[in-house]
Amino acid sequence: MTIMISHLFLQHYWWIIISLLAGILVFLMFVQGGQSFIFSLPENTLQKTMIVNAMGRKWEFTFTTLVTFGGAFFASFPLFYSTSFGGAYWVWIAILFSFIIQAVAYEFRSKPNNVFGQKTFDIFLFLNGSLGPFLIGVAVATFFTGSAFSLNSMKQVQWGSQWYGLEALLNIRNLALGFAVLFLARINGLLYLVNTINDEVLIGRSRKKLILNSIFFLVSFLFFVVSLLFSTGFAAEAATGTITSEKYKYLHNFIQMPFVLILFLVGVVSVLSGIGISIFRRSVKGIWYTGAGSVLAVFSLFLVAGFNGTSFYPSSSDLQSSLTIRNASSSLFTLNTMMYVSFIIPVVIAYIWYAWNAINNSRITEEEMRSDDHVY
Amino acid sequence: MIENVDLTLVDWSRAQFALTAIYHWLFVPLTLGLSFILAIMETIYVRTGKEEWKRLIRFWMTLFGINFAIGVATGIILEFEFGTNWSNYSWFVGDIFGAPLAVEGILAFFLESTFVAVMFFGWNKVSKKFHLTSTWLVAIGANLSALWILVANAWMQNPVGMTFNPETARNEMVSFWAILFNPVAIEKFLHTISSSFLLASMLVLGISSWFLIRKREEFMAKRSILIAGIFGLLSSLMVAYTGDSSARTISEVQPVKFASMEALAEGKSNAGLVAFGILKDSDKKIGDKTLKDFVFKIEIPGLLSVLTGGTNEAYVPGITDNISGNDTRGIISVTDKIKRGRVARIILMDYKRALSANDSKLLDSIKDIFQSVKFQNNYFRYFGYAYINKPEDVIPPISLAFYSFHLMVILGFLFILIFGMALYFLFKGSLSENKWFLWIALLSIPLPYIASELGWILTEVGRQPWIIQDMMPVSIAVSKISSGSVITTFILFAVLFTALLISEVSIMVRQIKTGPKH
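Sequences listed follow chains A and B, in order.
Going left to right, the first sequence walks through residues 30 to 405 as this note's numbering numbers them.
Going left to right, the second sequence walks through residues 923 to 1440 as this note's numbering numbers them.
No lab work stands behind these hints: they were computed from the structure.
All C-beta atoms in this analysis are idealised placements derived from N, C-alpha and C, irrespective of residue type, glycine included.
Be aware that a few hints might be false.
Claimed, not checked - Quick list of in silico lysine to aspartate or glutamate cross-link-like pairs, EDC-like style, CA-CA up to 16 Å:
#	chain 1	residue 1	chain 2	residue 2
1	B	Lys-1402	B	Glu-974
2	B	Lys-1206	B	Glu-1314
3	B	Lys-1047	A	Glu-396
4	B	Lys-1047	A	Glu-397
Claimed, not checked - Pairwise CB distance ranges, derived in the manner of DEER restraints:
#	chain 1	residue 1	chain 2	residue 2	range
5	B	Arg-969	A	Phe-372	49 to 55 Å
6	B	Lys-1274	A	Leu-195	29 to 35 Å
7	A	Gln-285	B	Lys-1274	50 to 56 Å
8	A	Lys-148	B	Ile-1413	21 to 27 Å
9	B	Phe-1052	A	Val-404	20 to 26 Å
10	B	Lys-1274	A	Thr-149	48 to 54 Å
11	A	Arg-355	B	Ile-1332	50 to 56 Å
Could you put the whole structure together from the sequences, leaning on the hints where they help?
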């Protein structure tokens, strides 16, 4: 294999792939958002069944995207994988735990003799729907706020807190992003229900819930973004790789990368448009605006975290242990090989689109819930 | 470095990974095998148009769905546990090991998860042919995912296609194809998927036999037995063939594991193959480790030499040869390997010191050493031995390796017999009359699960103390977190997985008793 592409280009290429996967993951967490309404949205059992089945037909996409996100991170930036997972142990274990109980809950909840009863599995869905997006948001926020860790000469991580990652919950900025991701997932969940379910009562209740959730989202998201713009960031010198603190680093990144700023603004406006047309014009297409907006906003936030000589996983206790896309990446050979594998991603997106449309070509009805024999 | 290792942490981390892997492997083989059985059945349905086939497929598909979800749930933990519990490993070899996991996600998981939704929910939404294609794609996707994770595991057994970079302190990939076509990977993949096909076939055969015992669903039961019988017989023959070639490869790349699974204390020519035996402690010791001898054994003379070396004159090295060395046979002692590994480690530490001191002249000279083939082949390939205290520490638990291997092999031959008999009685038209056989088929359902788990115990325990053969012991690979954290998560996972298993089995039994819906 002839290698002609530079290592630096591939490090940026793979950070773009990771950022894109992160954006798609946050959009697909509409499944979790929908699950978080399992007790508060439906008025009766049939409505609950419709909500569960609307989400249940898509849970595997979210799950697979999460697994691929992890795998791609491992392959392209293994030092992040070993540092964050091996140090912030409890945060990642809690996230994983919430996803284990989700996977089985759909298939088991309505099956006879499931031992623990439907209520237990519905609680599992609620827990995954609430904790999953929140904790992922908190974990991602540490990309900007930093964590207490150090690496020795063999790159072995030493975590600075006996809470192994749970200390991130004490940082208000981390909490803000956690809540922003949670409420964005809930908004997307509501809008997906509006788009997919053929039940006027349920759609009406979803629109009502949308208002309050949008307010919560805006408050937490704006708090995070404003604090981000005014916060001190972590810059890496191109020549030496030395990490230094830089005031307004993320604001500088937006200004110095105007294309990323435009993407971010388009994303935010798109999310707001989706919410707006759903509330004020009673549109059922809001999910496509908020979905696309979620992907763009998260994608651009990740670019701000990793591009323009920025440490994407800063250490608050040992600045020089901070991770950048240059010092944390795989070798040139591996990134290059993986780049060829990544060329298949458009094909994957194409067949997902085709199969998605094939299943969603008609809206979910009460009649279908009563007659279909594969109902969750 | 090893003196700082918390052995409690290492043991609990191993226990947690073993727990997750064992539970995961209770569900995955059925998914791998049943997906192909469903695809074959649906092909017949589409070709014949007979609605009885559709009813039959939907019954087996319900069982598939219940099993699929829990397999997915336990699988995600395994992937992330490489990071959470084996972070040093993740950095040391992440450049190589991460790639198959990423490829698995991109190429296999999306294929499987996209079309499994069509398979479950698309009966009334897509055409028959699209549905059939989706079912085949689920089967292919599931088995492709097995390929990539097995490529990753095979690399841990036989690391190939990489070089060590002292600057980054890790191994880096130099040949993707060498990793993909690693002989251990090819054999492991074929052996694993064929054993999974066998397991699924036995489940279908056993459940169908139960219906015949109860005189219910005769059409469904006999059609299912026909497909499971043929698929199972072919798979079990494939398992025997690939098992034989796997063992031969192990004898070449993991000789201590091979000698342990044969409980071969001393090497010899004209070595016999032990079909089965009972072990006892031997009088011989290596350091503080007692070797094993046989209370009794059934042995086929000369066959082990023939299978490994092609002739009964071939010499099969025993545990003693591999540990103490055998100059005549060109086998280096572990003591010598430890010395060479320590030399490699000292040079690496010199490099790190030169890096800190910014001594470019010294850095260049050490880089040259690392790039020399002589250093790579004679010293760095034994890098992991630098962390071994005593030569006998590289001997895996002999009894566990021996019994796991031999029980698995015995069960493998039993499966060929069971599938052969099922087809014989079916074609003779006397299956329903031979209730004793139907009971045997029903009671045999757990046996492939046991055999499959034994295979993994042999693979993973037999590799100890290594996480990567000869390069990294498990004690060095572990994440530096508190053992209390790992003990807590072990208990949490154990309780959750056990609860989910109980629920799953209960649901499956109920669905089987209910039978296909009308």
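How the hints compare with the structure:
Pair hint Lys-1402 (chain B) plus Glu-974 (chain B) does not hold up; C-alpha atoms about 57 Å apart against a cutoff of 16 Å. Taken as a hint, the Lys-1206 (chain B) and Glu-1314 (chain B) pair is honoured in the structure, with Cα atoms around 13 Å apart against an allowance of 16 Å. Simply put, Lys-1047 (chain B) and Glu-396 (chain A) have alpha-carbon atoms about 15 Å apart, close enough for the 16 Å limit, and the pair holds. Pair hint Lys-1047 (chain B) plus Glu-397 (chain A) holds up; C-alpha atoms about 12 Å apart against a cutoff of 16 Å.
One distance hint, 49 to 55 Å for the beta-carbon pair Arg-969 (chain B) and Phe-372 (chain A), is violated here, with the actual separation near 36 Å. The given range of 29 to 35 Å is respected by Lys-1274 (chain B) and Leu-195 (chain A), whose C-beta atoms sit roughly 33 Å from each other. Between Gln-285 (chain A) and Lys-1274 (chain B) the CB atoms are about 35 Å apart, so this pair departs from the stated range of 50 to 56 Å. One distance hint, 21 to 27 Å for the beta-carbon pair Lys-148 (chain A) and Ile-1413 (chain B), holds here, with the actual separation near 24 Å.
The hinted window of 20 to 26 Å between Phe-1052 (chain B) and Val-404 (chain A) holds, with their beta carbons roughly 21 Å apart. Between Lys-1274 (chain B) and Thr-149 (chain A) the CB atoms are about 53 Å apart, so this pair conforms to the stated range of 48 to 54 Å. For Arg-355 (chain A) and Ile-1332 (chain B), the hinted distance range of 50 to 56 Å is satisfied, since their beta carbons lie about 55 Å from each other.
Checked against the numbered hints above, the structure violates hints 1, 5 and 7; every other hint is satisfied.
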